[in-house]
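S.K.: Reading the sequence shown from the start, the letters are residues 1 to 320 in our numbering.
Misleading hints may appear alongside valid ones.
Calculated lysine-lysine pairs in the DSS-like style (CA-CA distance at most 30 angstroms, straight line) [claimed, not checked]:
#1 K154 to K219
#2 K154 to K142
#3 K318 to K142
#4 K82 to K66
#5 K59 to K273
#6 K95 to K82
#7 K318 to K154
#8 K199 to K88
#9 K125 to K263
#10 K154 to K26
#11 K88 to K152
#12 K284 to K219
In short, the hints are calculated from the structure, not lab data.
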Amino acid sequence: MSHGKIITLSSGAPLPQIGLGTWLSKPNEVEIAVRNGYRHLDLAMIYENQDEVGRALKKVIPSVVKREELFITSKLWNSSHKPENVEKELDETLKLLGLEYLDLYLIHWPVAFPPGGFFPPHPTKKNEVAIDTETSLVDTWKAVIELLKTGKVKAIGVSNFTIEHIQGIVDATGVWPTVNQVEAHPLLPQDDLVEFAKKHNIHLTAYSPLGNNLIGQTKLVDYPEVKEVADKIGATPAQVLIAWGVYRGYSVIPKSVHEERIKSNFQQITLSKEDYEKIFAIGKNRHTRFNIPVTYDPKWDINVFNEPIERTATHKVKIA
């Protein structure tokens, strides 16, 4: 069972440290998770399963859990960044989920697409998404800030934002995001972002805590160092990697479509400093970011993180 550790956000809200990522999830998986103790659910419009998650929530609220005992996050998609579309997409999310409010609402990416479908095609370039070069992050963030007045969201934040992106929206509005959800694992510890977030009381949620193998690399759960620590303490490699993120102060949202793994990922263990450092050392000279939009199909021709592979992109993030 999870240790039940709760993070207190800058908004004062309690956030269960271990959550369930719902990308590719089906209703029974969300129901299984809640019945087995998960109280933090991470959703997004782009996952295209919020109606299914909503059906699962109807099965567990209030028979298994009260609504106020769940912490539910969702995210604004790129094609709704224009200020007049921000609340409309939130309303659609709430309708799909059958909820009156979200605990946390994030801007999913610091990238705007023109309205018209999730991936509006570029007018002239094949297998490429159109980029909205007019709408800025500040424009969108101001509209998200306004949502706090509606009671439909309890807290607001961002996802996949760099230090520069966050500083830009704060300089323009004076409002700090409560959370930044980012890819974080031993190959991408993001130490500079961690330090910045601590300084400004921004909580970091780690997605892809187990890495991924979409680019054909060795899975993090298969690294010998991870297996050695897991064998030593009688845990699974996934539990070790989740514990590594917890050690760093993240909330962690592993996803799985397998019932036993959903359950075992919630069986929280604690790493010693020695074991933490052994796992941390995996990333030395192995910097790897798996989730880079310029590599997607269809391609997003934009430099988000300034990774080497992004530097030939035509567009940069429009902050203000």
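S.K.: Now look at each hint and say whether the structure bears it out.
M.R.: A quick look at each hint next to the structure:
Using a Cα cut-off of 30 angstroms, the hinted pair K154 and K219 is violated, with the two alpha carbons roughly 36 angstroms apart. Restraint check for K154 and K142: satisfied, since their Cα atoms lie roughly 16 angstroms apart, inside the 30 angstroms limit. Distance hint between K318 and K142 is fulfilled; the C-alpha atoms sit about 14 angstroms from each other, no more than 30 angstroms. A C-alpha spacing of about 34 angstroms is found between K82 and K66, which places the hinted pair above 30 angstroms, so the restraint is violated.
The straight-line distance between the Cα atoms of K59 and K273 is roughly 41 angstroms, outside the 30 angstroms bound, and the hint therefore fails. Of the pairs offered as hints, the one joining K95 and K82 holds, with about 20 angstroms between alpha carbons and a cut-off of 30 angstroms not exceeded. This hinted pair checks out: K318 and K154 have alpha carbons roughly 27 angstroms apart, not beyond 30 angstroms. Distance restraint check for K199 and K88: the Cα-Cα separation of roughly 33 angstroms exceeds the 30 angstroms cut-off, and the hinted pair is therefore not satisfied.
Between K125 and K263 the CA atoms are separated by roughly 44 angstroms; this puts the pair beyond 30 angstroms, and the hint is violated. Distance hint between K154 and K26 is fulfilled; the C-alpha atoms sit about 26 angstroms from each other, no more than 30 angstroms. Note on K88 and K152: the hinted pairing holds, with a Cα-Cα distance of about 12 angstroms set against a maximum of 30 angstroms. In summary, the hint linking K284 to K219 is supported, as the alpha carbons are separated by about 16 angstroms, within the 30 angstroms threshold.
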